[in-house]
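Undergrad: Keeping the supplied structure of chain A fixed, place chain B with the ligands upon it in accordance with the hints.
Residue numbers (this note's numbering), protein chains in the order written: chain A, 1 to 164; chain B, 165 to 916.
Keep in mind that the hints were calculated from the coordinates and are not lab data.
Ideal Cβ positions, reconstructed from N, Cα and C, are used throughout, including at glycine.
Hints should not be assumed to be uniformly reliable.
Simulated coverage check for chain A against chain B, where a stretch passes if three residues somewhere in it have a Cβ under 8 Å from a Cβ of chain B [to be verified]:
{"no.": "1", "segment": "15-29"}
{"no.": "2", "segment": "39-48"}
{"no.": "3", "segment": "79-93"}
{"no.": "4", "segment": "143-152"}
Between beta-carbon pairs, the in silico distance windows are [to be verified]:
{"no.": "5", "chain 1": "A", "residue 1": "Gly26", "chain 2": "B", "residue 2": "Thr790", "range": "37 to 45 Å"}
{"no.": "6", "chain 1": "A", "residue 1": "Gly26", "chain 2": "B", "residue 2": "Asn303", "range": "32 to 40 Å"}
{"no.": "7", "chain 1": "B", "residue 1": "Gln423", "chain 2": "A", "residue 2": "Glu161", "range": "53 to 61 Å"}
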Amino acid sequence: MIEPLKTVPISFKVNGRPVSLEVGAGETALHAIRERLQLTGAKEGCGIGECGACTILVNAKAVNACLMLAAQMDGTSIRTVEGLAGGGSIHPLQKAFLDHHAVQCGFCTPGLLMSAAALLKEHPCPDRRTIADGLSGNLCRCTGYRQIFQAVEAVAQGEKEKTQ
Amino acid sequence: MTEKVGAIGSSIPRRGALDRLTGASMFSADFRLENPLALRAVRSPHSHARVLRIDTEEASRMPGVARIFTARDIPGKNLTGIINKDRPLLVEDKVRFVGDPVALVAAETEEAAERAAGAVNVLYEVLPAVYDPADALANEAPLIHEKGNLLFRRRVVRGDAASAFSSCAVVVEETYRTSFLEHCYLEPDAGAGWVDADGTLVIIASTQNPHYDHSEVAALLGVEDGRIRIIQAATGGGFGSKLDLNMQGFIGLALYHLQRPVRCVYSREETFIATSKRHALIMEMKTGAGKDGRLHAMKCRILCDTGAYGSYGIAVASRAAVHAGGPYEIEHVDTEVLCVYTNNPVAGAMRGFGTPQVAFAHESQMDLLAEKLGMDPFEIRRRNALRVGSVTATGQKLEASVGIGECLDAIKESYEKARSARSDRGDSPFTCRGVGIGAMWYGIGNTGMQNPSTAQVEIDLDGAVTLYTGCADIGQGSTTVLAQIAAGTLGLAPDEIRMIVADTKLTTNAGATSASRQTYISGNAVRDAAAKLVDVLLTEAVDLMKVPKNSLAVEGGFVVYKGDTDRRIAFSKLAARARRKGIPLRWQGYFDPVTSPLNPDTGHGEPYATYAYACHLAEVTVDITTGEVTVDRVVAAHDVGRAIHPEGVVGQICGGVAMGVGFALMEEFKPGVTASFKDYHIPTANDMPEVVPLIVESSEPTGPFGAKGVGEPALIPTAPAVLNALSDALGKRIYHLPANLERVLEAANKRG
Ligand code: FES
Ligand code: FES
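Chain A on its own, in the form it takes in the complex:
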């Protein structure tokens, strides 16, 4: 006999759109986002907070969605890779990743983009060290990170030029 799982009603914003869901008490935010909201951009690479493939923004902070309970999304504002560009067609980070060939298999990419977005919010002009630190929770097995660093630097540089 399966125990009836308790469910919790939650309301929050995803990519600017309000949603209400009934989620399981033990359900992860990653599961709810992927399976219920069908936002499959966030990936499960490990499920235990070790790879960063599931990174999303929760109130503009980068969070491993596999470690967060779905119920904890209540009242928050969530951004996933699908909503990274906001209203625009493509976010500067997405454009820079494309231009700098920072995508190989692309499984790590959504998580890296979200971490990079959070990083640039906190450090608009990061040096290599700061970028590496900020992205060190996101594993990438394909690229060796160099082209990713270059992409993030290009966005930071572009922002700097805009404000000058």
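TA: Structure of chain B with the ligands alone, referenced to chain A:
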């Protein structure tokens, strides 16, 4: 024939990258199916045990369980393997490693499948197990497979090594060991499937070889080829492990019996436990040189632990044997590689097939010889480097595109600067610095075996061109490169080429995405197909323009007269004209590199049609109080023949360096222990050295536009370079990978 080379050598945006960046790409676990069943394997907790009984009754009655399969449910042949078929999809009689699957649960939810898998009752009789390949070869060793524990033996013999050693001025003899490694592609293995209206079993998979999957699933199920369709989903890396049949067979089995959509997604833990590893090698190597540093003789004995099943073990053993001497001329060679079954996890293909392991050994030997001779490590390599006209250990004369000398020259300046910077700065009481070189060669494609690729290029009546290829892009960028090759041949822009990729219903076999073969082999197949189509278009144009064929070229969707480019005819018009005559508008291309099989006794033959070459320079800093090693900088020179997509090559090199740093310093899969990224560390953004990629283009006459390959070579020289730098720093050498904190500390403490 005329070619537009504008498409070649430019780093165009990667195909499919935009979808990866917006989250729109569909990886296997992202497919939405109607009420899919979840699949979960029941795996053995024992490394060697007879299966006496599998009791699924209680588990079958659990809520949500649709069915539980065992070996008895497999209608076809329950034996798989790409080279030797020794691995059951579901074990019938005995398990051979921890993780061997004995049953498969299909249930309404992941949770139900997992609970039922835990409730399947398997009665085992535990058998003595063996975990050391040398022990496995002993007479009294437990027999893992009926044919014996020796899977394969490969010898490569040239000249008379035994007597040549006596005339050497210096000889070094050492034993090197490497560990099992996990591939750690970011996407855990996954697949999905459904049954089409016409009864076709459609399997979506994260795979490196859809056509192999196809034939294997058809054989397992005993169905005709046409009833299976494998479609490669977006694939999150593979590095060799997704060459094996991982979940495809499970999905096929469930579809066959249940006729309902299914999904099978491995957890990270399951990828650690169930999928292939890199072979752990024990390498005894003896190398001798003359006073002038010229290598005379090399003797090598290698034990290769392939674990419970063959997978790619035979290929790894062969490749290790052929490449054991490194990219150097050696007149007398005596190599023997034994590939042995144990009760360890299955070891299969992993980026480089044994070459990364042997490169660690031969490059350490080079430094040891240099030290004994008082010679610079750069100089001894430069002196012995293969060149055009050199004869390899298998007796193959290298005819062209031998870029190892150029690669060494490319790093020379950096090397000299690094050496003098190191001695200028000196060491602090707590840290020391070192500089090292690693070099390698790598045969492109399978070893002394046929490994063809096919492709089709089709033009429609509007002049639009479609390329059909079975080649699986697993992140390395083959789809983009093949589009460039087609475009370069047809005088089009790469984004004008429509592509159908890696779907066994719509494309023909391009072979495995492995052995760094797709640019060279599938690239040539694509070029062949495109060239045939070009010829049709030119022939039609000759008829219309009344000029000789060699005065015509293809450009921008037109055949143009070279003397006056205003005289031109659109592809669409020529295609329509050809069609009216019944001339095909779809052409098949084919390429199989010219090789000859290795002689079973001597290893003589021409195992590869061409080789890639590379060398890396590594600079390291060692903290001798903690054993921590920082790789500060890697200068990586690679002879790729021709870089079709230079930034793609750079991406391969940087990714290879990262994996090489992991191989050198941190990665070790401990059977029975390692199950997550918590106990298996791969390089993060913080572990990365500054990488300086240098592309060397020693054009390969038989390559598409001169190209060879780079996927595996990218990784191979890093670990040897790092280990040589470490020994330069410590004055002590480490013979066992990884050079983790403990091993580095131990070496540091032994310092004089
Ligand atoms: S899936 Fe969340 S950190 Fe790996
Ligand atoms: S691009 Fe493959 S893991 Fe990062």
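Undergrad: Decide, hint by hint, whether the structure agrees.
TA: Verification of the supplied hints:
A stretch counts as covered by a chain when three or more of its residues have a beta carbon under 8 Å from one of that chain; for the segment 15-29 of chain A and chain B the count is 0, and the coverage is violated. Restraint check on the segment 39-48 of chain A versus chain B: 10 residues with Cβ-Cβ distances below 8 Å, three needed, restraint holds. Proximity of the segment 79-93 of chain A to chain B, defined as three or more residues with a beta carbon under 8 Å from a beta carbon of that chain, is established by the 6 residues found. Closer than 8 Å: that is the beta-carbon criterion, and the segment 143-152 of chain A has 7 residues meeting it against chain B, so the requirement of 3 holds.
Between Gly26/A and Thr790/B, the C-beta spacing of about 40 Å keeps the proposed range 37 to 45 Å intact. Distance hint for Gly26/A and Asn303/B: a CB-CB separation of about 54 Å, inconsistent with the stated range 32 to 40 Å. With their beta carbons about 59 Å apart, Gln423/B and Glu161/A fall inside the hinted range of 53 to 61 Å.
Going through the hint list in order, the structure does not satisfy hints 1, 6.
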